[in-house]
Amino acid sequence: MDRQTVLIVGGAGAQGIPIVKGIDPKYAVRVLTRNPDSDTAKDLLTLPNVSIAAGDASNESDLRRAFQGVDLAFVNTNSFALGIRAEIFWGMRIFEIAVESGVKHYVWSALEDTLALSGYDEACRVGHYEGKSRVTEWMKAKSQTPMKWSVITTGPYIEMLHELFRPVKEENGTWVFQFPLKDGAIPFVHLEDVGKAVKWLLDHPEEAAGMNLKTTVEHASGTIIASAFTAVTGQQARYEPISIEQWFQVTPPGPPSYKMGSGYEGNSAEDPTLLTIEQNFGNWWHLYQRSGGNQGLIKTDYGLLDKIFPNRVKSVEEWMKKVQYTGERRLVIKNYNGR
Numbered sequence: 000m001d002r003q004t005v006l007i008v009g010g011a012g013a014q015g016i017p018i019v020k021g022i023d024p025k026y027a028v029r030v031l032t033r034n035p036d037s038d039t040a041k042d043l044l045t046l047p048n049v050s051i052a053a054g055d056a057s058n059e060s061d062l063r064r065a066f067q068g069v070d071l072a073f074v075n076t077n078s079f080a081l082g083i084r085a086e087i088f089w090g091m092r093i094f095e096i097a098v099e100s101g102v103k104h105y106v107w108s109a110l111e112d113t114l115a116l117s118g119y120d121e122a123c124r125v126g127h128y129e130g131k132s133r134v135t136e137w138m139k140a141k142s143q144t145p146m147k148w149s150v151i152t153t154g155p156y157i158e159m160l161h162e163l164f165r166p167v168k169e170e171n172g173t174w175v176f177q178f179p180l181k182d183g184a185i186p187f188v189h190l191e192d193v194g195k196a197v198k199w200l201l202d203h204p205e206e207a208a209g210m211n212l213k214t215t216v217e218h219a220s221g222t223i224i225a226s227a228f229t230a231v232t233g234q235q236a237r238y239e240p241i242s243i244e245q246w247f248q249v250t251p252p253g254p255p256s257y258k259m260g261s262g263y264e265g266n267s268a269e270d271p272t273l274l275t276i277e278q279n280f281g282n283w284w285h286l287y288q289r290s291g292g293n294q295g296l297i298k299t300d301y302g303l304l305d306k307i308f309p310n311r312v313k314s315v316e317e318w319m320k321k322v323q324y325t326g327e328r329r330l331v332i333k334n335y336n337g338r
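In numbering that gives the first Met the number 0, the protein residues as written are 0 to 338.
Treat the hints with caution; some may be incorrect.
[Stated by the list, open to error] Cross-link-like lysine-lysine pairs, in silico, DSBU-like; alpha carbons within 30 Å at most:
{"no.": "1", "residue 1": "Lys25", "residue 2": "Lys181"}
{"no.": "2", "residue 1": "Lys198", "residue 2": "Lys313"}
{"no.": "3", "residue 1": "Lys320", "residue 2": "Lys168"}
{"no.": "4", "residue 1": "Lys298", "residue 2": "Lys195"}
{"no.": "5", "residue 1": "Lys141", "residue 2": "Lys198"}
{"no.": "6", "residue 1": "Lys141", "residue 2": "Lys313"}
{"no.": "7", "residue 1": "Lys298", "residue 2": "Lys25"}
{"no.": "8", "residue 1": "Lys306", "residue 2": "Lys103"}
{"no.": "9", "residue 1": "Lys181", "residue 2": "Lys147"}
{"no.": "10", "residue 1": "Lys313", "residue 2": "Lys181"}
{"no.": "11", "residue 1": "Lys195", "residue 2": "Lys103"}
{"no.": "12", "residue 1": "Lys195", "residue 2": "Lys141"}
{"no.": "13", "residue 1": "Lys147", "residue 2": "Lys103"}
{"no.": "14", "residue 1": "Lys198", "residue 2": "Lys320"}
{"no.": "15", "residue 1": "Lys198", "residue 2": "Lys139"}
{"no.": "16", "residue 1": "Lys321", "residue 2": "Lys147"}
{"no.": "17", "residue 1": "Lys198", "residue 2": "Lys25"}
{"no.": "18", "residue 1": "Lys181", "residue 2": "Lys198"}
{"no.": "19", "residue 1": "Lys313", "residue 2": "Lys168"}
{"no.": "20", "residue 1": "Lys306", "residue 2": "Lys25"}
{"no.": "21", "residue 1": "Lys25", "residue 2": "Lys141"}
{"no.": "22", "residue 1": "Lys321", "residue 2": "Lys195"}
{"no.": "23", "residue 1": "Lys181", "residue 2": "Lys298"}
{"no.": "24", "residue 1": "Lys20", "residue 2": "Lys298"}
{"no.": "25", "residue 1": "Lys141", "residue 2": "Lys306"}
{"no.": "26", "residue 1": "Lys20", "residue 2": "Lys198"}
Simulated from the structure, these hints should not be mistaken for lab results.
The structure displayed is predicted, hence computed values, not measured ones.
Could you build all of it, start to finish, from the sequences and the hints given here?
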């Protein structure tokens, strides 16, 4: 039997790299990237089953070339570079091109439809969640023939504890995790386990068809995070709830007034569908403030995950032990303006 080819769109990004590395060598993996000469692309090429397709995920000609001879696909579009409107368009268009190209099984990387889950509360409208979740809802109306499809729904990477969620160290040696989380919880995902989940979807097409698989380490409160740090490092730590306004001063994810997606060709800073970093990430925290204890806005079926992935990382403490976490800074994801 000929080896099947998997196209990974977004394979050179933080989420895509562990997916490429985690896919079974029985597949030939093709990674679509705009920069085939990057250090990341060169690193991926050292894997025996990986090839690089140069091109842009928002260019039809590049996509059609990349999809030639492809059996399976995983697609993760760059929300921060595209903006809501362009991500919805390209999320749908890539799916259509995959069908036209003869792809047998297609996996879409999504986020929760938090606007709908909140009863359409504008305080829970988050740009990178909105674009991806609308594509998911559109896909639900599509048949499983001629192309099977699945969705993997992720969330904040636990690896962001290396940067966006990194603690600060006080003069007395205490580490302080400062979040505008109140008594809520962050449903972290572990990137390596996301890779394993995508592998499972690709390896089990019949069971995975139509599935929306939600991957979560645990619903981590600020206290859980600080306690895990102390347990792993032996150093004192505490959780300090702060306001969203304070968080933007302490750990800004980018220029607050920058409109995400305004750098994409066809968009402009005046585009009314684009959200500023301040709007987007201010609302982003509202999601987690309302998700404490797996009882609120964002929930996970941990029983299903235990069945499919019994050996996954199941707690912040377990992850910190695994990576030998120290609280020191380590770059994980690209700038939020997509540059």
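Hint check:
no. : hint             : verdict
1   : Lys25 to Lys181  : 46 Å, violated
2   : Lys198 to Lys313 : 18 Å, holds
3   : Lys320 to Lys168 : 20 Å, holds
4   : Lys298 to Lys195 : 20 Å, holds
5   : Lys141 to Lys198 : 23 Å, holds
6   : Lys141 to Lys313 : 33 Å, violated
7   : Lys298 to Lys25  : 34 Å, violated
8   : Lys306 to Lys103 : 26 Å, holds
9   : Lys181 to Lys147 : 41 Å, violated
10  : Lys313 to Lys181 : 23 Å, holds
11  : Lys195 to Lys103 : 20 Å, holds
12  : Lys195 to Lys141 : 26 Å, holds
13  : Lys147 to Lys103 : 6 Å, holds
14  : Lys198 to Lys320 : 24 Å, holds
15  : Lys198 to Lys139 : 21 Å, holds
16  : Lys321 to Lys147 : 35 Å, violated
17  : Lys198 to Lys25  : 11 Å, holds
18  : Lys181 to Lys198 : 35 Å, violated
19  : Lys313 to Lys168 : 27 Å, holds
20  : Lys306 to Lys25  : 24 Å, holds
21  : Lys25 to Lys141  : 29 Å, holds
22  : Lys321 to Lys195 : 16 Å, holds
23  : Lys181 to Lys298 : 18 Å, holds
24  : Lys20 to Lys298  : 28 Å, holds
25  : Lys141 to Lys306 : 27 Å, holds
26  : Lys20 to Lys198  : 10 Å, holds
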